[in-house]
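**Q** Spelled out from the first residue to the last, the chains are:
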Amino acid sequence: MDTFVKIAKSKLKDFLQHIMENYTLYAPVKKKISRFERIEDPSQICLLPNRTEISLKPIFLPPKESLFRWKKVEDGYIIEDCLNGKEKKVIFGAKGCDVASLKILDLYMMEVSDPYYASRRKDTIIIGITCEYPRESCFCTAFGGMIPDEYDLWLTDIGDYYFVDIGSERGKELVSMELFERASPEDEERKREKIERAEQEIRKMAKIELEEYQDMEDKFEDKIWEELGDICLSCGRCNLICPTCHCFDVRDITNLDGSAGERIRVWDSCHLFEFAKTSAENFRRDRRARVRYRIYDKFVFSVKRYKLYACVGCGRCIDSCHAGIDIRDVLRRLIR
Amino acid sequence: MSNPYIPSIAKIMDIIDETPDTKTFVIEPGLSFKPGQFVELTVFGYGEAPFSISGGNEDSIELSIRAVGNVTRKLHAMKIGEHIGIRGPFGNGWPLEKAEGRDLLIVAGGIGLAPLKPVIEWVCKNRSKLNEVTLIYGARKPSLLLFKRMFEEWKKCMNILLTVDEPEEGWKGEVGVVTKLCGKVKEFSDALTFMCGPPVMMKYASKTLIDLGFSPDDLYLSLERNMRCGIGICGHCAVSGMYVCKDGPIFPLDEALKFIEKPHEVQGVLD
Amino acid sequence: MVEKKIEIKEITKIEGHANLTIEIEDDRVKRVAFGIHEGLRHFETLIIGKRYHYLPELTSRICGICNVAHQIASIRAVEDALGIEVSEQVKDLRKLMLISSHIQSHILHLYFLALPDYIGVESAIELARKDIKLVKKAFKLKEACNYMTALIGGRAVHPCTILPGGFSKRITKGMIDKYLKKMREIYPFLLESAELFLSLDYPPYERESEYVALRDGRGIPLYEGKIATMHAVFDAHEYGEHIKERAVDYSTAKRSLIDGRDFMVGALARININGKLREDARELANRFGIRFPSNRVAWINPAQALENVHYAMEAMEIAENLKEYEPEKIEVPRTDGEGVAAIEAPRGLLIHHYVIEKGKCRYANIITPTAMNAENIERSLEGYVSKIADEDDGFIRKEAEKVIRAYDPCVSCSVHVMRIGKMSTFL
Amino acid sequence: MNIGIFSLSCCEGCSVEFLNMEEEILDILNHFGIENFRLVKEVNKLPVDVAFVEGVPANENEVAKLLEIRRNSEILVALGSCSATGGVLAPGAKPVGHYVDVDHCLYGCPFSRDELKEFLTSIIIDKAFGKKEYSVCMECSLLENGCLLEEGYLCMGPITVAGCNALCPSNGKPCLGCRGSYEDANLKSHAKILLDKGFSKDEIIDAFSLFSHRDLREVIEWLKRR
Ligand SMILES: Cc1cc2nc3c(=O)[nH]c(=O)nc-3n(C[C@H](O)[C@H](O)[C@H](O)COP(=O)(O)OP(=O)(O)OC[C@H]3O[C@@H](n4cnc5c(N)ncnc54)[C@H](O)[C@@H]3O)c2cc1C
Ligand code: SF4
Ligand code: SF4
Ligand code: SF4
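Protein chains in written order, with numbering that gives the first Met the number 0: chain U, 0 to 335; chain H, 0 to 270; chain E, 0 to 426; chain G, 0 to 225.
It is worth saying that the hints were derived from the structure and are not from the lab. C-beta atoms are modelled at their ideal positions from N, C-alpha and C, and glycine is treated no differently. Certain hints may be false.
Stated by the list, open to error - Straight-line distance between alpha carbons at most 27 Å, and here's what the computed DSSO-like set of lysine-lysine pairs gives:
#, chain 1, residue 1, chain 2, residue 2
1, U, K303, H, K202
2, U, K193, U, K29
3, G, K196, E, K328
4, U, K102, U, K70
5, E, K8, G, K64
6, G, K131, U, K276
Unchecked claim - Non-contacting residues of chain G with respect to chain H, defined by C-beta distances greater than 12 Å in every case (computed):
#, residue
7, M20
8, E22
9, N29
10, N43
11, N60
12, E67
13, E73
14, I74
15, V99
16, D113
17, E149
18, G151
19, L153
20, L222
Please put together the full structure from these sequences, using the hints given.
**A** Quick look at the structure:
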């Protein structure tokens with residue numbers, strides 16, 4: 000889109016208020032940890048200089064959800080679908096890595112459409128914002144950079160204003176309000192500088208660049224798996240915190256006499272001992288194989304299936320690993 | 000669009016005792032399926048597990064199930080007239096179309112005969128489309144051989160070679176592993192092989208066949224993995240960017256060899 | 000000469016394992032032995048060498064019923080030893096926890112352990128078959144109390160939020176309001192329960208004895224105060240000069256005397272020492288003609304029922320004025336010191352005493368209510384059984400059990416340490 | 000079916016927690032008769048179908064009692080940490096499994112009511128009930144709590160078997176490891192990580208020995224040797 004607009008910082012609240020009239024708004028809030036929550040009042044929002052601790056994933060794929068409930072009746076069972084009606088969502092304040100992760104999650108969850116995910120995800124409007132300065136663990140630049148390919152609106156702080164990039168028709172409709180002003184070429188220049196500076200900072204810290212679809216398959220028997228297998232705790236935190244990990248377990252729970260119950264799904268982790276266990280064998284009994292599986296699933300298998308890396312470089316797994324396993328170090332060794 | 004996670008209610012119409020630990024359940028309504036496909040069967044309150052369809056049609060389907068754990072034990076305790084939940088059919092099925100005009104070798108071990116029974120029934124119906132057909136089937140003991148009641152019928156259309164690990168009273172057939180019998184099919188020239196059984200069996204049988212000159216891309220195996228959703232989302236059955244539930248469970252050996260993860264793993268097929 | 004011996008191998012419906020032997024000669028009591036034969040436990044030795052922040056966690060496991068009291072006594076002793084400041088707000092929150100766990104314990108005792116005796120059923124399970132409404136009500140009360148304790152403590156049995164100087168989690172206004180709402184909700188049932196337990200037909204036996212409880216001059220304190228007898232008041236730190244412990248050969252629990260006399264602690268002692276029941280409780284007591292101080296042993300039960308009303312009122316008052324609690328980093332001024340805490344557990348006075356060196360426990364002494372009551376229980380039994388010694392065995396048995404249960408003895412507490420008896424070969 | 004709740008030496012917190020099932024007990028009574036429960040019953044009988052045993056045997060009498068319970072029960076359940084793995088009692092005491100066969104364990108100090116319900120359901124409807132093979136950490140992360148280990152507390156979550164729904168960390172207190180470890184737990188690595196984080200050997204040994212789980216002894220020995 001060729002016209003650029005900007006919005007005065009003082010008017011942002013009005014804009015959000017306006018959005019809340021027609022949509023449910025999700026934005027970052029900071030309690031003990033930072034995460035996206037449903038906003039009742041714009042003053043709850045806490046625009047952080049970088050990514051939140053919890054990603055966007057739980058909005059679309061909650062840690063635990065009911066699939067259906069059932070009840071035993073005279074002649075069989077009655078099933079009640081737990082699929083909810085959809086809400087019109089706007090996600091405000093998402094950072095580049097999180098928006099990029101949605102695209103990956105969409106691929107995995109919608110190849111065969113997952114109705115629960117789809118109903119939450121459909122028609123979600125994304126208003127992203129450029130990171131002010133990155134965290135120590137950020138390395139989104141390894142996968143292309145801070146600005147994702149797809150968004151509806153993208154904000155960048157340029158002083159008293161936010162510069163607004165328009166990424167879609169829906170985004171365009173949103174900026175048709177008088178709250179927005181036309182942006183000058185200088186504004187755009189300032190925006191570009193801002194992004195470049197932040198990206199450079201990450202590049203300097205992360206020191207990792209991946210080529211598109213780099214082949215790492217020959218590292219399957221590398222010594223690294225043994226080293227990592229020894230220290231990994233198999234606690235599963237890296238999987239759960241990752242915005243693109245989407246595996247889940249399915250469990251049946253019932254009342255005391257088994258006459259009614261429900262089926263739920265709960266996030267699962269490929270690091271857990273029982274993840275690949277069948278009635279005959281446990282295919283990844285060894286911790287080394289489990290550690291490798293996660294890395295390969297993100298950087299080799301995903302490329303095979305979808306032609307992309309299933310990692311956005313948010314660095315959450317780095318921050319959350321007790322054993323200090325740093326996915327950047329792992330990658331550096333694999334691409335060497 | 001219907002929700003693929005919601006099972007439809009089905010009724011157990013008949014239960015046939017096959018062996019001391021395996022029963023065939025006939026359930027209604029049936030569904031149209033390809034031989035080699037499976038369903039996710041729910042015993043409400045206990046859980047869900049994948050089972051190959053071992054026979055049937057739109058009116059009713061058969062599932063032959065060995066009691067090993069939570070769901071299967073409960074199922075074995077159920078009676079005619081009780082209800083279960085079914086999702087499916089899922090999976091790709093055997094490439095029957097490739098068999099036309101060629102020899103067909105069917106290799107099964109234990110419960111592995113279940114997903115191959117629809118193939119055998121298809122062969123019996125379409126015998127003229129194929130050249131030589133041989134079934135090699137092994138079990139631990141003669142009493143554990145599945146579908147014995149059908150053998151006479153099947154013999155009319157194919158050569159059946161049986162073997163057991165431990166013979167019992169009155170057993171006149173072969174004793175030993177399935178691999179031993181594979182050596183007897185040397186005369187096959189242009190054969191397609193369908194195989195399903197315990198991982199070790201599949202591993203050694205494939206080796207033997209390849210040594211005999213069978214082409215690895217004509218050797219199809221049905222793999223077993225942990226499955227939670229059956230539709231390629233939950234991630235449990237994934238190997239090397241493949242979903243065994245959706246892209247399989249049937250794979251040609253050369254493809255399977257590419258994606259089976261090697262060191263530190265219990266292999267499944269070849270290591 | 001007619002001799003008889005009444006033995007109860009395992010007294011049921013009390014917390015822990017205890018037995019009773021009564022020997023009667025010519026309608027005169029020769030010997031009463033209230034023996035505690037629970038396995039040997041070594042808490043005081045066990046906690047030697049442990050870090051101070053584990054002491055509340057560990058001592059909580061002395062007793063599954065009065066664990067809240069143990070945790071709070073323990074944390075207070077630690078704070079006393081290390082000079083940690085505690086804000087009024089934290090004290091109030093701890094009081095709220097103490098009160099809800101107190102009421103819970105009283106309800107458990109009154110309805111499930113004591114009441115069956117007076118209704119003539121074997122257990123609350125049998126009672127449930129007869130009067131399901133009553134049992135449901137009791138469960139509702141217990142549930143409500145556990146809920147309140149867990150709001151602040153994380154869970155009702157062995158809470159997991161108490162830290163030196165405060166709590167590990169934020170306690171929001173919402174949580175406090177929930178506490179208040181729940182307490183208001185059950186308050187009418189507490190009144191109703193009090194009416195029930197004030198109207199039962201209790202053994203009439205009276206015996207003059209010494210009573211000991213905390214006193215702060217204002218109300219009936221649970222959390223802190225001086226230790227008071229009918230004759231003296233002293234600071235908790237001086238407990239050693241007044242309370243002496245000794246062992247007897249038929250029990251694994253210690254016995255205590257105060258200034259050389261046996262004494263009673265618990266609900267009745269608290270009211271006897273302090274008077275000062277709050278309005279609604281006082282009105283109830285008057286209505287049923289119960290006067291304090293009283294020497295009627297079985298009135299421990301009505302005293303508990305009245306305490307429930309009294310403390311519920313106190314909790315509501317506290318909760319109404321409480322602000323949100325935000326956890327903050329607590330400074331620990333020193334790592335060495337000696338600390339004593341005396342608090343009121345549901346069954347009576349509880350003392351924790353530690354010496355901490357380099358952050359680790361070097362010495363510990365814990366005196367539990369049941370250890371304090373044990374001697375008094377025996378003397379009361381002796382006195383009461385003498386009066387009814389000519390009755391048949393079954394009656395004596397029942398009455399003796401009623402008296403023992405009235406004290407609500409907590410055997411787990413009393414045997415938290417083993418001083419005598421041989422080490423089991425299985426250990 | 001009949002159940003009994005037996006207590007050996009312990010704080011009886013698990014009995015209390017059993018009563019804390021409150022009104023659910025009344026539901027349970029629709030399926031089970033409670034034949035033995037000394038804390039609340041005067042008439043107590045054996046045999047029972049399911050025996051819940053809390054505590055550890057601390058003397059000959061209690062061992063004899065335990066053997067009698069085993070002889071007179073179909074299913075014996077170790078109720079709570081003491082019984083299942085050792086608990087905070089005398090470090091010398093041995094869990095119930097040392098003396099008799101244990102069919103199921105309900106871990107925790109006290110056990111988790113949700114797990115007990117799950118267990119009772121499994122008995123009523125004849126469903127499998129097994130030990131979880133993952134950590135409290137997993138449950139903690141599912142709840143999206145902030146991590147206390149990251150904040151500098153000594154948390155046992157990564158090696159402790161799940162089932163309490165990460166109760167302590169969710170309340171802002173590091174996991175004490177009351178439930179014992181799971182089979183796949185990487186004990187040694189956890190100890191090393193704690194050392195790296197700056198906890199002293201002594202502190203770590205203290206934490207690992209708090210509930211005297213036998214399965215942690217090896218790491219404790221290893222730590223001592225370091
Ligand atoms: C595509 C596909 C098709 C399948 N088709 C069939 C089929 O047609 N027929 C069929 O019977 N099965 C079939 N299976 C296997 C079937 O899915 C499992 O047997 C089933 O999931 C077991 O579920 P469960 O809940 O009863 O057992 P669970 O309780 O989930 O687990 C079984 C547990 O029991 C134990 N166990 C398993 N086997 C044994 C054993 N032999 N001896 C001792 N213990 C054991 C193990 O500890 C295992 O973890 C198929 C699997 C797949 C993936
Ligand atoms: S693998 Fe790690 S860095 Fe990559 S997206 Fe997941 S959490 Fe972020
Ligand atoms: S607080 Fe403890 S249990 Fe929770 S994530 Fe951190 S280490 Fe794991
Ligand atoms: S978090 Fe740890 S200490 Fe707390 S209940 Fe769970 S296992 Fe026990």
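**Q** Closest CB-CB distance from G/N60 to chain H, is it above 12 Å?
**A** 39 Å, holds
**Q** Checking a non-interface call: every C-beta of chain H should be farther than 12 Å from the C-beta of G/E22. Is that right?
**A** 22 Å, holds
**Q** Say whether it holds or is violated: G/I74 keeps its Cβ farther than 12 Å from all Cβ of chain H.
**A** It holds; G/I74 is separated from chain H by about 17 Å at its closest Cβ, greater than 12 Å.
**Q** Would the least Cβ to Cβ distance between G/L222 and chain H come out above 12 Å?
**A** The claim stands: G/L222 keeps its Cβ more than 12 Å from every Cβ of chain H (closest is about 27 Å).
**Q** Would the non-interface assignment of G/E73 survive a Cβ cutoff of 12 Å against chain H?
**A** With a cut-off of 12 Å, G/E73 remains clear of chain H, as the shortest Cβ separation is near 18 Å.
**Q** Checking one constraint from the list: CA of U/K193 to CA of U/K29, max 27 Å. Satisfied?
**A** 25 Å, holds
**Q** With a cut-off of 27 Å on the C-alpha distance, tell me whether G/K131 and U/K276 pass.
**A** Holds, at roughly 13 Å.
**Q** Can we trust that G/N43 is non-interface, i.e. its beta-carbon lies farther than 12 Å from all of chain H?
**A** 33 Å, holds
**Q** Tell me if the straight-line CA distance from E/K8 to G/K64 falls inside 27 Å.
**A** At roughly 14 Å apart (the allowed maximum being 27 Å), G/K64 and E/K8 satisfy the hint.
**Q** Would you assess whether G/E149, listed as outside the interface, keeps its beta-carbon beyond 12 Å of every beta-carbon in chain H?
**A** 26 Å, holds
**Q** Sort out whether U/K70 lies within 27 Å of U/K102, counting only the CA atoms.
**A** Outside the cut-off at roughly 37 Å; violated.
**Q** Is the Cβ of G/E67 farther than 12 Å from every Cβ of chain H?
**A** Since the minimum Cβ distance to chain H is about 31 Å, G/E67 lies beyond 12 Å and the statement holds.
The structure does not agree with numbered hint 4 stated previously, though it agrees with all others.
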